[in-house]
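Chemist: Based on these hints, arrange chains B and C on the given structure of chain A.
Protein chains in written order, with the numbering used here: chain A, 24 to 453; chain B, 24 to 453; chain C, 24 to 453.
Given that identical chains are not distinguished, each listed pair holds provided it fits within a single copy or across any two copies.
30 Å max Cα-Cα, derived DSS-like pairs, lysine-lysine: (1) K216 <-> K173; (2) K381 <-> K216; (3) K173 <-> K226; (4) K173 <-> K45; (5) K174 <-> K216.
If you are wondering where the hints come from, they were derived from the structure by calculation, not from laboratory data. Quick caveat, the model's predicted, so the values are computed rather than measured.
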Amino acid sequence: MPHQPSIVTLQPRAGAASALLKALLEQRRPGHSLDAPFYLSDEVFQADMEYIFRRHWVFVGVAPQVPEPGDYVTVDVGADSVLIVRDDDMNLRAFHNVCRHRGSRLCQEHQGSLGNIVCPYHQWTYDLEGRLIHADHMGQAFLRDQHGLKKVHLRNLEGLLFICLADEPPADFDEMAQRLGPYLAPHRLEDCKVAAQVDIIEKGNWKFTLENNRECYHCVSNHPELTVSLYEHGFGYQPGPQNAEGLARFEQIVKERHARWEAMGLPSAQIEELDSRITGFRTIRLPLDRAGQSQTLNAEVACRKLLGDFSDKALGGLSVWTQPNSWHHFMSDHVVSFSTIPLGPDRTLVRTTWCVHKDAVEGVDYTVENLTAVWNATNDQDRHLVELAQAGAASSAYEPGPYSPYTEALVEAFCTWYVDRMRAGVSAGR
Amino acid sequence: MPHQPSIVTLQPRAGAASALLKALLEQRRPGHSLDAPFYLSDEVFQADMEYIFRRHWVFVGVAPQVPEPGDYVTVDVGADSVLIVRDDDMNLRAFHNVCRHRGSRLCQEHQGSLGNIVCPYHQWTYDLEGRLIHADHMGQAFLRDQHGLKKVHLRNLEGLLFICLADEPPADFDEMAQRLGPYLAPHRLEDCKVAAQVDIIEKGNWKFTLENNRECYHCVSNHPELTVSLYEHGFGYQPGPQNAEGLARFEQIVKERHARWEAMGLPSAQIEELDSRITGFRTIRLPLDRAGQSQTLNAEVACRKLLGDFSDKALGGLSVWTQPNSWHHFMSDHVVSFSTIPLGPDRTLVRTTWCVHKDAVEGVDYTVENLTAVWNATNDQDRHLVELAQAGAASSAYEPGPYSPYTEALVEAFCTWYVDRMRAGVSAGR
Amino acid sequence: MPHQPSIVTLQPRAGAASALLKALLEQRRPGHSLDAPFYLSDEVFQADMEYIFRRHWVFVGVAPQVPEPGDYVTVDVGADSVLIVRDDDMNLRAFHNVCRHRGSRLCQEHQGSLGNIVCPYHQWTYDLEGRLIHADHMGQAFLRDQHGLKKVHLRNLEGLLFICLADEPPADFDEMAQRLGPYLAPHRLEDCKVAAQVDIIEKGNWKFTLENNRECYHCVSNHPELTVSLYEHGFGYQPGPQNAEGLARFEQIVKERHARWEAMGLPSAQIEELDSRITGFRTIRLPLDRAGQSQTLNAEVACRKLLGDFSDKALGGLSVWTQPNSWHHFMSDHVVSFSTIPLGPDRTLVRTTWCVHKDAVEGVDYTVENLTAVWNATNDQDRHLVELAQAGAASSAYEPGPYSPYTEALVEAFCTWYVDRMRAGVSAGR
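One chain only, chain A, in its complex shape (with noise of 0.2 Å):
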């Protein structure tokens, strides 16, 4: 007798958007930071949650985070826990991380191996595929097939691993894997192995965060790490007559390395939809300042052991952000990764990956410390410029103010995607 689901919640998921919500998404002024109510309101955060967090593709890790059968990972979207696991197949599976019978979280740590799964509670015994094959106590008529793990879609693409919590995921995945997959498949994620991985949380928004992440006007005075390598003038600079010689110079750099990287074999050229699908995304390869292998302390690579086949060390940085919680810099010698996930209307969970070759010897071929120095740094840096937002959107004196139409171009983008989603979110309802 298969289970009817609840038809009733006490706070259903979706469905009842109000109308002051609708009237923020109505009201939205292109060029400018979103209202208030965005970044502080229990109503828009779980809107956020259900539109936008369990509707569309969220980058949640690394392959190299599970590299055998019987490894697994649990990610936490929500109040929900993902599984995610390899079986013994080598494919990878997700499933929610639930017991059929009493509801027990079955994994307990972030990360781990196991043969089968087992309930702590009641020692429900599941595969890795998912199937309840032991359970005592429940009588003849009870049907374990009715019983095995509810699974989630997930996605690899080239190593970086995506899931959806929606029945029906967006449909666009695939062309975007088919776009961006030439770009990350010389860097060979899947070759690697997770060299460090470090958690903060940001007392403020989500979108804050990921505003933050998309522009670098307040880079030059704030992250002395990030700017040893990175180019001033490559994340959006107002031309003028003080810096027009710089500026042709930098777009002549671009396009000497682009020439020479994609002789390599290495697409480098910028694809731009970050407000344009359902899964938006960008990526771009852009060349580095100083030494120009990574993003370090000096601009030189950090593992000696580089990715994949490269032999040159300066390749730059591979850029890739994804809607509406991710980005990536792929470098010859390493990858790091963000995943943002929103913890409440003012908490954000930052999740930093680095990632080396996997027989790069820690100690001989790298550091973990110089591997992370930077990006530690800058993550804490941003941290600070979140909360300071967060407080600032509190006070009744903040108006959405406008956007640099230089350098705050992405931070639009990301906005206009955000309230594009939403609208279509609370148009469809459940």
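Modeler: Then chains B and C, alone, in the frame of chain A:
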């Protein structure tokens, strides 16, 4: 001039059960765990406090906590602090721990001893019967006899103390007392002293705490200390060819012991009224395994000085459960009592009290460490399981799962009682 | 193009007073403490912030906190951070501490000194008069003069600083200043320095803090340090045969001292306007007991260097109370000021500031320990009493109790003012 009670409060305590709560109660599926909002929702929590904890007899402590005149304990149930005091005539009395002047809390400690009850704010002074006997500066027109402490219903069942915050408490307490009294009396709890009391907070809904208590399906793989003395067949077991012999042997042991204990004047037969009355309860005296004496790490008595007139150490364990919030084990040498008080939708206090004969000498007749070892360990294991269940219920993938017809019948009885009493509360409105 | 203000917010700041709040205000029973929701409810807290703290003159600090050009302090009132700065012409100005670009908080410290106000996020730069004087990358069309800091109303009453967050602040401040000014002026607070400032957080509603401040019924049994210098008859006393002599003696002392002080140019007579105007206030100069000089542990001055032109140490204590949130004691040697800011329904900041003559030398003329001993002890005692009141108000047994007609008249005046002002706010709507 008597005070006119307020006619409006901003958060009405009852009467306003939402359509959603009603629907949840209506659609409860027998034989399955409850819908998620029962464990998560603040509205349900408020309704639980109103319909269950304000309108039923709640176990709050034992008489040995207040042995002498002037001894008091305070217990918190929701936002209500209740003062239980032994007056000069040795009567136990319960009052709201609230001054009638400007509402200050009166007694601030969990327990203590006092002559009169003096408000720390402006020294309004009440005697142990709750009468206001002194108040400065209140003028000639002030009527002291209109400003005595507000009483709370209190019942003492052979040393077990129950309060009811309702104006008219359930009348069936007397019948429970009549039927349970003969089971409890020989252990003479009122001649005991408190040897230890430990509070833990479980980060889970109180119903998960109770459901966990009402089955031992989880014991074999989670409670190595407790199962030293517990027969695994004693708490429900699916019969089958592989365990037919063990079950038959256990039933024979129960039969023999019950005959012996009844002959000694110790009622032992099961009374099962968990879901068949307002003041639901259950009792049975069960044999213990191995040394058969007590719930200790070696199943031998923890205290050499036995309770009451006992000379036989092997009296098994008289277990008592009361709805909504207590369970107890009475052995030949000690009594262990558990009180569960909800603190929030996802926080629950579990207070465990161990009593031994009042003449037992610590360090000679017993040690606290040995006396408390089994249940301190077991409580911590159960806390962990309750917290896993709470985490799971928050998942969008949670759905009520099936209870074992063999091992989870008392869980079902708890849920049935709970849903019945909630429906009764909702129907009655205020 | 001027910005069009948002027309929708998810949490409207006013206008939506519920039927319940209106009923609570309607049914307030004179002579009794307030109904429990006034101390507990989040809705009332939000209404308090809107109708009381955003629409009245709120005491936030003293001029000696910002003695030099560029000195600033930040104060938080609700979610609003207000920046108070002394400009280059020695004028005091108040601004919302919020950048006009993307809303970042500007100044992050409680106090400091600066030349211009530079946003840490993208370096937008404002001068001390609030004008935006620099912003990179904003393009030719950007109008700097449309993006200056938003102003907050500020008044300086003989060194006491008040702000009002309303667009149109209560006009009766001027008359209060006219009447209070002559009392305050001789103490020359503007020629003082801050010797100490201490913040404490009371886990109680701000109205409990104020009610506690507005009576001394509780002093004799709770404040051993404060009552060294306070005459017990000075704050209300039920007359009767046993204390007729003491009261008559006290009244005679007041009469004699007032005559002496008035002759010295020190206004001393009571002004009682706590509940008779929008900007409620009260003052009186009262004799001190024992050495009669100051609120210290021996009633002698805490600072050898006296204020202003004073040569007589025994000037009693000029007490000033303002609605909704301050009280002050001006003595011959020092001034102690108290500011109360609600942080939540059950959390309140009490900031105490001690000022001495700016030429007094610490360690020579005064010690901070001796200067602050009485009020640090008293504040901690009051904090405890407020917390007991908060705990009691949450009880279902709480009901408004009677105020003493002798000792609690100013508590009644506070409540009357509060209820009147809330009714006015609710009637006016937005």
